[in-house]
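Input sequences plus hints: build the corresponding full structure.
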Amino acid sequence: MTTDPRFRVPLVILTALLVQVTLLSRLRLFGVVPNLMLLVAVAGGITGGPVRGAVIGFASGLAIDIFLETPLGLSALVFSIVGYTVGAVETGILRAAWWIPVLTAFGACAAGEALFAVAAQVVGRPDLLSARLAIIVVIVGITSAMLALPVVRVVGWSLLKNTPRRTTVFS
Amino acid sequence: MAVYRRSRRHRFVLLLLVLTSVTVITLDFRDGGDGALESIRQGVRDVFAPVESAADTVFSPVGDFFGGLTRYGEVKSENAKLRRELDQARNENLRQAGAERDLQSLMDLQNLEFAGNIPSVAARVISNAPSNFQMTVSIDRGSDQGVEKGMPVVAGAGLVGRIVDVSKSTATIMLITDQGSNVGIRLQSSGDVGVARGGGASQQMPVDLIDAGTKIEEGAAVVTSGLQQSVFPPEVPVGRVVKATVSQGALQQEVTIEPVVDLRRLEFVRVLKWKPQP
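Chains A and B, in that order, are what the protein sequence lines are.
So the first sequence is numbered by the numbering used here: it starts at 1 and just counts up by one.
So the second sequence is numbered by the numbering used here: it starts at 1 and just counts up by one.
Think of the hints as simulated: they come from the structure by calculation, not from any bench.
Warning: the hint list may mix true and false statements.
[What the hints assert, rightly or not] Pair by pair, the computed Cβ-Cβ distance ranges are:
hint, chain 1, residue 1, chain 2, residue 2, range
1, A, Leu160, B, Arg124, 37 to 43 Å
2, A, Leu129, B, Ala157, 27 to 33 Å
3, A, Arg153, B, Pro206, 41 to 47 Å
4, B, Val44, A, Lys161, 25 to 31 Å
5, B, Pro276, A, Gly124, 30 to 36 Å
6, B, Val44, A, Val122, 21 to 27 Å
7, A, Val138, B, Val44, 30 to 36 Å
[Claimed, not checked] Beyond 12 Å from chain A on every Cβ pair, some chain B residues (computed):
hint, residue
8, Arg41
9, Asn79
10, Gly184
11, Val193
12, Asp211
13, Thr214
[Said to hold, decoys possible] Partial pick of chain A residues on the chain B-facing surface, computed with a CB cut under 8 Å:
hint, residue
14, Phe67
15, Leu68
16, Leu74
17, Phe106
18, Val138
19, Val140
Glycine is no exception: its CB is placed at the ideal position from the N, C-alpha and C atoms.
Written out as structure tokens, the structure is:
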């Protein structure tokens, strides 16, 4: 297993994509699919700050865009903004209680899903803004909050920098 | 000072990513589904197709389990309804064994009526849409098997949707319930034509342009109109009327239909090699 974040981050995004496309697309709660790719972007912002959040959001958004019928780059645009915003807000939090990432995941993923519908409206998909959006936003927020802790942990691990192992020499 | 410089760099990175995204969106629009970006998209989907197919076999029971949990009330009432129907069917089976055989033959014949003369490709549904904003499914047949964009897709009972994206080994079907879908329909009883719009996850489709004076009964059959340049062939069953009301002074009725095909539990479909007539 490589210890370089340049390999670990794409590995985590690819794994998340596989889980989203194969498993989560079937686990519809009241017809709503959990959005793991958006949660990965949020987790990137929580653990890596605004720049890494934006970059991870861009990559995860572009990855899921391949499987959607909405214009390529739309999720990348929304997820990078969400990742950046979460990173910028989280930077100001000094004490990290366990529930902060959970609450952040709820709010950011719900907002991200709503932002996606608004962005889609701008690029000519007005049908995405419907009364059902409220249900989608709430359920995506709840499922993201439920998955937040393990996802934040995995994304945090992928962003860990290489540190040379210390060797103690006994004389 | 250092903090200010760092935050400027942060904003610069975000701006760069936003501009890249906007460029990609613009290029995708300009390509119109035939350019280099679309080829990359299709290539990646082809790579994922075997994984999706394998995952379908593994995860289908998991999905059904969760689906059952969240739709417990619906499943329970459906179960009770099915039990009643089964009891009825057992009784009728004894009396009407011969009539049932005839009925089955007629149903087969009816199936041949809407799809029989058109060449078709049978396909298996391998995945659902990974998004909350589209009602699509992927199938395990693509351009290598002659599937093309725009082709209609049917199941045993009737219309499912149309092909909106094709790679070599997979294709994406936009279901008739997708909010971006419009189907030209005809009421079989009166002959009135209208347009059925996708209602999203509600699985019901509002119908426009039905005259206020037309008498419509609940359960009335609705088929594709097949008018000139229609994207679907004529006489394909679409749904049944579940509601028809007329508001005072309105010029058209508020009609809602329910698809004849259960689009939440699709397993096998047929892609009709049919192109709109010019």
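To see whether the hints hold, each was checked on the structure:
1. Leu160(A) / Arg124(B): 37 to 43 Å: 42 Å, holds
2. Leu129(A) / Ala157(B): 27 to 33 Å: Holds - the Cβ-Cβ distance for leucine 129(A) and alanine 157(B), about 32 Å, lies within 27 to 33 Å.
3. Arg153(A) / Pro206(B): 41 to 47 Å: With Cβ atoms ~45 Å apart, the hint holds.
4. Val44(B) / Lys161(A): 25 to 31 Å: Because 30 Å falls inside the window, the suggested range holds.
5. Pro276(B) / Gly124(A): 30 to 36 Å: 22 Å, violated
6. Val44(B) / Val122(A): 21 to 27 Å: 26 Å, holds
7. Val138(A) / Val44(B): 30 to 36 Å: 31 Å, holds
8. Arg41: Arginine 41(B) not clear of chain A: closest Cβ-Cβ about 5 Å, inside 12 Å.
9. Asn79: Fine: 19 Å to the nearest Cβ keeps asparagine 79(B) off the interface.
10. Gly184: With a cut-off of 12 Å, glycine 184(B) remains clear of chain A, as the shortest Cβ separation is near 18 Å.
11. Val193: 23 Å, holds
12. Asp211: About 26 Å separates aspartate 211(B) from the closest Cβ of chain A, which puts it past 12 Å; holds.
13. Thr214: 27 Å, holds
14. Phe67: For phenylalanine 67(A), the interface hint holds, since the closest Cβ of chain B sits about 5 Å away, which is under 8 Å.
15. Leu68: 5 Å, holds
16. Leu74: Holds. Min distance 6 Å.
17. Phe106: 16 Å, violated
18. Val138: Because about 11 Å separates valine 138(A) from the closest Cβ in chain B, which is outside the 8 Å limit, the hint is violated.
19. Val140: 7 Å, holds
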